[in-house]
Each structure stands twice: as C-alpha cells, then as structure tokens.
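Starting from the known structure of chain A, fit chain B onto it as the hints suggest.
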Amino acid sequence: MYSIMCSVAPLVTKTSFSGETMDEQLKKGLLEGCVLRCIRGQPSYGYKIIDDLLPLLEVSESTLYPVLKRLETQGLVNTYTQEYNGRLRKYYAITSLGIMALDSFREKAQKVIKITDFIIGGNQ
Amino acid sequence: MTKYTWEKALRSSLKGVPQEEADSILDYYSELFADKAESGQTEKEIIKSFGNPYDVAYRVVYGVEVPYNSSGIRQPQAEKYLNSSSQKSSGGIGGKILIRLLLFWPFFIVAVTLWSLVIGLGAGGIGGAIGGIGMVIVGFMQMGGNSVGGLSVVGLAIASIGVGIIITLVAFFIFKIVLRLTQKYFFIVKHKTSNNNNRRNNNNE
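First to last, the protein sequences are chains A and B. Under our numbering, read the first sequence as residues 1 to 124, first letter to last. Under our numbering, read the second sequence as residues 1 to 205, first letter to last.
No wet-lab data here; the hints were simulated from the structure. Cβ coordinates follow ideal geometry from the N, Cα and C atoms, glycine included. Just so you know, nobody snuck in bad clues.
What the simulated footprint calls covered on chain A by chain B, stretch by stretch (three residues with Cβ under 8 Å from a Cβ of chain B suffice, anywhere in the stretch; the number is not a length):
id: 1; region: 41–47
id: 2; region: 51–64
id: 3; region: 87–99
The shape of chain A in the complex, shown without the other chains:
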C-alpha cells in the first residue's frame, strides 16, 4: 500500500521522502492535484482555495503556500494580481501544462482507486 501511495504522491512533481512522513508526502501530492482541480474552471485566490478544500482535507495556509509556490515554479500555475476592495489580491490560474498534469493525476488516481477498492473489499 505504501508503494502505491508513494506512486500517487509525486504524480505532479518530483519529490523525495527525506524527512517527511508518508502522510506528509501523500498529502503534498494530493494537495497539488486538489489545487489544480480547484482552479481548473476559473482562477482562484488563497483564501478561496483553502475554503474549497476544507471539506475534503485538512489544509492550513502554511501548508498551501509551498504547494502554490511549487506549482508556480513548475509552470503548472500562473499568477496575477487584481484589485479587490481597494487592495491587491493574488490570483492563481492553471496553465496548459497544469491541465496536462491534472489529467495525468486523474489517470493515475483511477488506478489507485481500483487497488484501494480491492483492499477494502478484501477486508470484508
């Protein structure tokens, strides 16, 4: 199961396991997929992304920041600022490379779902 999860985690980015627990690594990988999914339809901003993700998984502001930064560095996400209520707000928009990464994530996730179903079924 660990190796399956490990294969899911770095779906979008190259990551290592040094100094991180499996949960952290898995969460990182899933979070990247979740963020890309959040901004797939339209650009979004930090607070809204966290708000959209909260029903799914526990995510804090400090967890999200490195994920956004990483996605931006890898060219999966573009950023721009726009005025809102007299202040500037940073928006994150998915790039064509990001869409490709999300599609790849979905394909691999499907495989993991099959295996997970098998494991869950095996317990019954």
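Just chain B now, kept in the frame of chain A:
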C-alpha cells in the same frame, strides 16, 4: 498579539529567507488576513488560526510540520533547519553580489571595460579643461615678456579647454548609456540567479 506584532514576528522568523521570498510570504498572509476579516473573523481569531509565527515560517519554508517532542518542545532539528536557511542566504552581501556578478563573467568584463572607458574619458576631459585654464593664466603671464609665445600658449590653452569640454560631454553621454546597461545587467543577474536557486531548491525536493 495584534496583526502588526504577528506579522513582525513572522518577518523576524523569516530572517534567513531571501528578501523577495519573505515579502511574498508576508503578502500572502496579509491577503489572507484581509479575506478572513472580510468573512467576519476577528483579529484574534485570525491570529489563532494562523498559529505561532515561527511554526508558520518553518512550514512555509520547508513544507513540513515542525518537529515537536512528546513534551511539546520544539526539537533541535527545527532550529537547525531555520539556521541552515539563514546560512544559505548569508555569507556577506558583498561576497554574494560579487559571486553573482562573476557568474555572468563576459558581461562583467564588458561592464568593467565600459566603466573604465567612461572614467578615463571623464577624467581626461575634466583634466584637459582644468589644465587649459591653468595654461591660459600662464600664457597671459608670459605675454608680458614674449607676446607671441604667450599668445600661442593661450591659444593652445583655449583649444585644450574646448577639447576637454567636448570629451567631458562625450563621457557624460556614454556614462548615461553604460549606467542604463549596468542596471539591466544587475537586473538579469539578480533574476537569473534567483530563478536558478528556485530550480535548484525544487530539484532538491
């Protein structure tokens, strides 16, 4: 703790992080703060939800949870990590700038050559003009004994002043161009090296 003191503590915890990155993190939190306040949360609630600024800095920079032991005390490696972060970006501002400049050595050589040309021309022009003024005085003094010799010295001196002024103007014109090119050079060096660092950090992950 107020918003101001929290942000101040966060900035202080990000001491080892490059300025640009630290500003980006603070902007991110400032925006979140405003969004949370607009959604109806109080300053106290927002600060509580963000948590300890040191832990926030650690999580944001390293992307992992701060290691605490069973007694709730931060483990030494957390301190070590943040210290290593500060070492990464320290090493002397002068030394860092020089390393960055030398990384782009062909541009560095061109820049040094152009600046030498500007300084040489400027010094030559100003020196010629000042020397010319001196020669005018000497020429006038000589005119008392030898009017032809004195006059020719004055003529040469005036020519020297003219040439000096022209060279100084040319030097000033080149100075403006070289200054603009140098600014562009610094801009490229700064951005190229920060992009490379980002890429390196990313690969290390």
